[in-house]
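Build the full structure now, drawing on both the sequences and the hints.
Protein chains in written order, with the working numbering: chain A, 77 to 253; chain B, 459 to 773.
Hints in this document: simulated from the structure, not taken from any laboratory. No residue lacks a Cβ here, since even glycine has one placed at the ideal position from N, Cα and C. Honestly, I wouldn't trust all of these hints.
If you only want the chain B side, here are some residues facing chain A, beta carbon under 10 Å, derived [as the list claims (entries may be wrong)]:
1. 491
2. 540
3. 765
Calculated lysine-lysine pairs in the BS3-like style (CA-CA distance at most 25 Å, straight line) [to be verified]:
4. B:609 / B:493
5. A:121 / A:223
6. A:199 / B:522
7. B:470 / B:460
8. A:199 / B:609
9. B:470 / B:493
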Amino acid sequence: MSLVLPAPDISRALTRISHEILERNAGSNAITLLGIPTRGAHLAKRIAEIISKIENLPIQVGTLDITLHRDDLRLRPPRALMPTMIPSLGVEGRNVILVDDVLFSGRTIRAALDALGEIGRPKSVQLAILVDRGHRELPIRADYVGKNIPTSISQSVIVHLTELDGVDEVLIEGSSE
Amino acid sequence: MKHLLSINDLSKSDAISILDTAQELARVSDGPMKKLPTLRGRTIVNLFAEDSTRTRISFEAAAKRLSADVINFSAKGSSISKGESLKDTAQTLQAMGADAVIIRHGASGAAQRLADSQWMSGSVINAGDGTHEHPSQALLDAFTIRKHLSKGGSDLSGLRVAIVGDVLHSRVARSNVLLLSMLGAQVVLVAPPTLLPVGVESWPCEISYDLDDVINSVDAVMMLRIQLERMNELFFPNAREYSRYFGLNSDRIRTLKQSAIVMHPGPMNRGLEITADAADGARSVIVEQVANGVSIRMAILYLLLAGSQEIGAAL
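Right under this line is the structure:
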């Protein structure tokens with residue numbers, strides 16, 4: 077198991093992503109952050125805190141559970157549902173930024189787009205990700221990336237966050253062969 | 459788990475996971491888009507050999523919100539009324555490729571029979587069998603009680619629930635006693651001795667013959683339907699006397715705790731076990747029970763049908 081992102085790097089990456097989001101959306105007026113549970117939800121909350129410090133304004137932040145839209149439901153035992161919390165202004169006409177920890181096959185994000193479509197019609201949907209590990213199976217890319225980490229398909233990327241695991245770190249398990 | 463036949467099949471954590479799933483699914487019912495693709499391509503048969511409004515429509519709405527195909531099948535207007543056996547009916551449904559059968563039947567144990575037989579391979583969900591059990595009703599009652607009274611807790615510990623009326627013929631009461639006590643609630647059955655089944659002393663609940671004795675100490679009072687078709691069997695002298703001793707009226711509502719709720723599984727006999735002002739009053743959650751029923755049934759269908767059966771379900 078090797079450490080690829082220590083805590084200070086994670087914090088710097090989230091700060092940079094926050095600035096990029098502000099730059100690209102010309103301020104924080106129309107943005108809504110939606111984290112995908114469980115770790116994406118915590119990352120979204122952290123990014124929202126950083127942005128609201130920069131802008132001195134509260135940020136619309138919530139969570140979006142995608143379980144019911146997964147395409148692999150039938151391949152596994154049923155999963156527990158996670159909370160969906162849409163912030164007060166909804167998603168209609170907003171620039172929605174989806175936040176997740178790892179971007180891999182892209183199937184989670186496809187499910188998230190479907191889940192979002194049931195709630196409303198955002199003006200745009202963007203994607204922020206802490207780690208992009210490659211191996212996409214769908215035509216999906218991230219707009220904001222914490223770090224690109226090339227991996228082999230047999231490795232796993234493990235994200236630990238203080239809120240859940242007591243420590244901030246990204247690890248890679250398994251050999252690259 | 460493949461089938462839902464009895465509350466006894468569930469562990470406490472299974473029951474809580476159904477309630478938690480229903481809580482998330484309730485949000486879908488509140489949203490602008492009430493449809494999810496989760497069970498697309500699955501076929502669910504509503505096999506109702508006994509009359510029902512709420513349960514059948516509720517299961518149908520739940521299945522449709524999850525995009526399953528629903529086939530309604532009731533005794534009237536089908537071959538059951540020509541005397542077709544349960545076995546032949548089941549084999550017909552199997553041949554049509556039913557992934558799940560929701561069965562309501564007058565015979566206690568009919569759902570169990572269907573599940574144990576090799577007549578069909580799909581899931582069986584008990585929607586009421588004779589005087590035995592009605593697990594989805596108990597789950598929606600527990601969901602309603604938890605939502606109003608548990609103050610964020612996951613179970614019902616510390617709550618006291620009275621179930622009042624015809625316990626003898628009530629599958630709702632049986633399932634509720636099992637489920638509510640499993641979730642930590644204190645259950646007290648209130649009925650005339652003639653309307654309590656033999657062996658009720660061994661159930662995990664208290665028993666009282668006096669509603670006024672109990673009513674000021676409970677957090678929820680659940681009224682059971684007096685089955686009018688059984689009125690001539692002399693379980694009590696007459697309807698007026700039953701109403702006076704065991705009916706819920708506005709005087710008794712006033713003696714309830716400030717936070718207490720009034721429940722009824724429906725259909726109600728207004729003026730018999732419950733007066734109109736009690737049924738429509740501020741304490742009543744009877745209409746909400748129906749809405750919660752859809753969420754609970756979505757959760758049941760999701761947990762039984764969405765995942766892979768081969769690997770073995772999380773439930």
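**OP:** Hints the structure violates: just list their numbers, smallest first.
**Re:** 2, 4, 6, 8 and 9
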